[in-house]
Structure formats: structure tokens, C-alpha cells
Amino acid sequence: MAGPGPGKALPMRRRRRRSQWRGLLYIAPAMALVIVFFVMPVLFTGWMSLHNWPLLGSPRWIGFNNYFRMANDARFVSALRFTTYYTVIVTIAIFAVAFPLAIFVEKHRRFVGAYRTIIFLPVVVGLASASLLWVWLANVDSGFIGPALKALGLVEKSPNLLATFDSAFFTIIVMVVWKIAGFTMIILLTGLQAIPSELTEAARIDGAGSWQRFRCLTLPLMRRTIALALIISVTGSILAFDQFYIMTSGGPQNRMISVVYYIFNQSFVSFNLGYRAALSIALLAILVIISVVQLRLLRVGEDRP
Amino acid sequence: MNRSSMSLSRQRRARKAFRAESAYHATGLAIALFFLAPFAITLLASFRHGTEARLPPLPPWPANGISFDSYRSLDTFGAGVWQHTFNSLLVSLATVALTVAVSVLAGYGFSRYRFPLKNVLFVLIIATLMIPFQSILTPLFIILARLGLNNSLFGLTLVYVTLQLPFSVFMMRNAFDAVPKEIEEAARIDGARDLKLLFRVLMPLVLPGIATVAIFAFLNAWNEFLAALVLLSSNEKYTLPVLMMAVRAGRLGAVNWGAVQAGVAVMTLPCLVVFLLLQRYYMRGLMAGAVK
Chain A
1 MAGPGPGKAL PMRRRRRRSQ WRGLLYIAPA MALVIVFFVM PVLFTGWMSL HNWPLLGSPR
61 WIGFNNYFRM ANDARFVSAL RFTTYYTVIV TIAIFAVAFP LAIFVEKHRR FVGAYRTIIF
121 LPVVVGLASA SLLWVWLANV DSGFIGPALK ALGLVEKSPN LLATFDSAFF TIIVMVVWKI
181 AGFTMIILLT GLQAIPSELT EAARIDGAGS WQRFRCLTLP LMRRTIALAL IISVTGSILA
241 FDQFYIMTSG GPQNRMISVV YYIFNQSFVS FNLGYRAALS IALLAILVII SVVQLRLLRV
301 GEDRP
Chain B
306 MNRSSMSLSR QRRARKAFRA ESAYHATGLA IALFFLAPFA ITLLASFRHG TEARLPPLPP
366 WPANGISFDS YRSLDTFGAG VWQHTFNSLL VSLATVALTV AVSVLAGYGF SRYRFPLKNV
426 LFVLIIATLM IPFQSILTPL FIILARLGLN NSLFGLTLVY VTLQLPFSVF MMRNAFDAVP
486 KEIEEAARID GARDLKLLFR VLMPLVLPGI ATVAIFAFLN AWNEFLAALV LLSSNEKYTL
546 PVLMMAVRAG RLGAVNWGAV QAGVAVMTLP CLVVFLLLQR YYMRGLMAGA VK
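These protein sequences, in sequence, are chains A and B. Going by the working numbering, the residue at position 67 of the first sequence is 67; the numbering climbs one at a time, nothing skipped. So the working numbering is basically just the index in the second sequence, starting at one, shifted up by 305.
Honestly, the hints are just simulated from the structure, not real lab data. Honestly, I wouldn't trust all of these hints.
Unchecked claim - Going by beta-carbon spacing under 8 Å, a handful of chain B positions derived as facing chain A:
{"id": "1", "residue": "G333"}
{"id": "2", "residue": "I431"}
{"id": "3", "residue": "M435"}
{"id": "4", "residue": "R553"}
{"id": "5", "residue": "L557"}
{"id": "6", "residue": "W562"}
Using N, Cα and C, we set each Cβ at its ideal position, and we do this for glycine too.
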């Protein structure tokens, strides 16, 4: 690579080849990182999933036994069921809050920028910080929510929000909505702002009510944006871990073990690395399928704007 | 007659508009309160006396004078809060520096050069977005150990940089694509080549893209929990979120909630400040991700 730059006498082809290699040189650091810390671990996970792999001692090839075991693992199935339940409920909750918020901050009024910023603030802090914050707020004796309800005279005794499945689940949903709604709101806002105002104006003149305009005009035009927000919410929720680990340590009667939490337990508590790898491949497959569905959904949105 | 009725109706309309405006801002204030209150309550409560740490924050401000007891008790966990804040800062800033360096080079390469397998390699980088890193933590742990980087902040940094790459390389490629080729050709005629061209001429033009990449790298590295929990094994290496697990677990079955409040304040304030200062660049990144 050293030496004088390509002179005029250099044949064209050689010159081009040199510049080709230079391009590869620029992307080499990025490729090295992706290969060492992403591609290799993924392949390694696949390889491990075909072994009985203890923490110490040598791994033993067992073919697809880890995968057969997964199908009969009641705790994995219940983790899957819980994760699905959580994903559905939290996604509905986030949209139920974020959509009205997006419509609220779309208007051109004074302070609307401040409202957007404030609603967005919880998005930039970590989920771990948010979980810690809320586990304190929800604490029965030293927290804020229960004692405040009691001080207002709404309840006789401060409720222990994290003690039963339903109230703990509800608290986590409120925390996640508080943390994520601003993000979904901004995504939906970009979709709302992309709708030409002449269209809504024309519909208004034609006598369409506000609900009718929303249902027949806004929603169809926002298909693409809604699909995107939906996918981000679903994939994020399937990977939920921090909130269950920090807020309820798996919850009352271990009923809040999400898939990632279960995988974490398998490898770093039970040291069952081969089985863990098989579980990871399952998780990976679920997410890749969702991503493919996502691309489909987005493309469908393009055909019918 | 006619005139007065007109002004009357105008008055009525003005009153109606005023009422709508008031209702709008009343709703806005209520919403703002919901999203701000948890931060405000925690921050204010963290300045109460140590004796009050067990009590609910009613009223939620330090009614009996300001004290730093909560921060002092936070300091008794792990290797002291300064050490862990330093660890978090080190990892976050190193992640920012490396992510910017690697993604600027890669973005430039993908934008300006033609080479074999270019599109395949680009898609490979972006495709890592589809795969959750949570599913590859064990092999990462093993690979880092082979490289002698287990339980090391540098190893954790490399993992964070890799996680940032799909977004960052995409951002930087688009940033370089937006720079007119004429500028580059003019600089080339003036004798600037390759790295010199990149750093002297093109860098200032893609600075907004770099700012976006840097903010996301900082926030994600500062906030990340699971990988740090898994990959760091010795006490003095813990980043803040991992330290907070010890605080959350408490001692002898009792949680020091004052230390929890102080810890939340230490973890959230940098994020909020960075976001408020550089909001424009953050939102740009978000929009770019949402539109593309």
C-alpha cells in the first residue's frame, strides 16, 4: 500500500483493483467486530445446542436431544406462555396510551414541544433504572403509590402492589407504558404528520365526523407506521428481562419468568449451556420469523398506501 | 343591531376557543405530571435525611432539611459509587469513541468505494439487528474468555460497539451519501487523498450524523444491564446498573431505599442531561430509523 499514488501510467485495471481493496480496508474494523462478536457467537450457539455442554468437563454430542427436551419442558412452555401474554397486554396498553398522545402533541399549539419532550424523557433512561425507580415507588412501606393512596383516604391500608401476580403485573405494565409510550408516540407522530392536511380537510368538508375521519382516513394512511411501531413493541416485549428480574425477581410463585429470564437462569444459575443454546436458537428463530413478517407487513403497506 | 350580534358571536367564539385552549393545557399538564413525577419524587426524596429513607416520601421533598445521607450510604456498596460511576463512564465513552471511529470508516467505505460482496456485507451488518444479543450471551462469554477479555471493561465495550454497529453504519453511510461528490472531487484535485480527505474535508460535513451515532452509543452503553450482569464477574468492575442489584438486594433482608433513590438519580441524570442538550440529533436518528 505504501509508495507513490497511482500515476497516470498505471493501467486502469490495476488502479481500480487497488481502490477495491481500499474499500474493504475501510470496512474491515466493522466486519471484524461483527464477525467475532456476532456471527461467530451465533454459529457457536447452534453448535452448542447439539451438545450436552456442562460448564466444566467436555461437551458430548447428543444431536437434537436438547430440542426434543424443550418441547417437553413445562417451565419453558410456561415461560413462552407468560411472555406471549405480557407481549399482547403491554403492546395494547402502549398503543392505547401512545396513540392519543400522538394526536395530542400533533396540534400546533403553544408548549406542544415541551409536552413532547417531557413525555419522551423516560425513553432515554435505562429500563434497569426505570425498574428500580418503580420498585421503590410501588414498595408497600417506603414507597409512594401505596402510602399516597392511603394518605388520600382511598384505601385503608397501603397495598403491597408487588405481592400478588395481578397487581405486580399491572404495576409493571404501568411502568413500561410510562417508559416506552413516548417512543411509540414519536413514531406514530411521524406517520400522522405525513398525512396531507388537504385530505383531512376535504373529508371534513364532505361531512365526515372526527371518528369517521380517524377510522377511514387516518388509520389506513398510517398502516406502515403502525406496523413499524407494532413490530418494535412486539420484538422489544418478547425480549423483556430487566423489569421482571429487578422488580419481582420472577414474580410471585415464579409466575413472571419470561423467555430471556428462563434462558438466563438455565445458563448462569443451572449452568446448562447446551440446553441454553437450544433455547436461544428457539428465541432467535421466533424473532427472525417476526422480522420477516415485519418486512411483509411493511411491503403490504407500500402497495396500498 | 346586526353589528352587535356579530361581535357577540365573535365574543362567544373567542370564549369557546379560550375554553378549548385551557382544557388542552390542563390535559397537557396532567400528562406532563405523570411523566415527570417519578423522576421528581425520586430526586427530591434522595436528599432527605438517612433516618427518613425508610419512610414514604410524603411530602415528596426533603421537609427536614437537605442531606446527602442517601448518597453516602450508596457509597458503602460495592467498591464505592465513584468507582462504579467511573466504570460506567469509561465503558460509555469508550463505546462512543470506538463506535464513531469504526462506523465513520465503514460508512465511508460503503458509500464511496466499490468492492466485491459489498451489498452482502452491508446486509450482514444490518441483519444483526434481527438477532437478539440476549440469545448469544454464553458464546460471547466463552469467546471473550478465549481472547483474555473476560471480566474486562474493554471486552464489554467491544460487545457494546458491535451492538451499535447496524444503526451506526447505516446512519454514517447515509450521511456520506448525502455529501455531494463534487466537494470530494474538488478536494482530490487539491491533493487531499483517502484518510486526509476523510478527516479534513468530509468529517465536518457529516458531523450531525456523528453526533446522532454518538448519543445513541452513549445512552445504550450507559443503560445496558443484562450483558454487563453476565460478562462482568468481579465486584470492582461492575457498572452502575449491576452495582444497583446489590443495593436492590439489600443487606440482612433490609433494603436501604435511600441508596436506591440516590442510585436512580445517579443513573438517570446523565441520560436526561445528554438528551436535553442534544435532543435535535437524537430525534434525527429516531426519525431516520422510523422512516427507513
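Outcome of the hint check:
no.	hint	result
1	G333	holds (5 Å)
2	I431	violated (10 Å)
3	M435	holds (4 Å)
4	R553	holds (6 Å)
5	L557	violated (16 Å)
6	W562	holds (5 Å)
The earlier numbered hints that this structure contradicts are 2 and 5.
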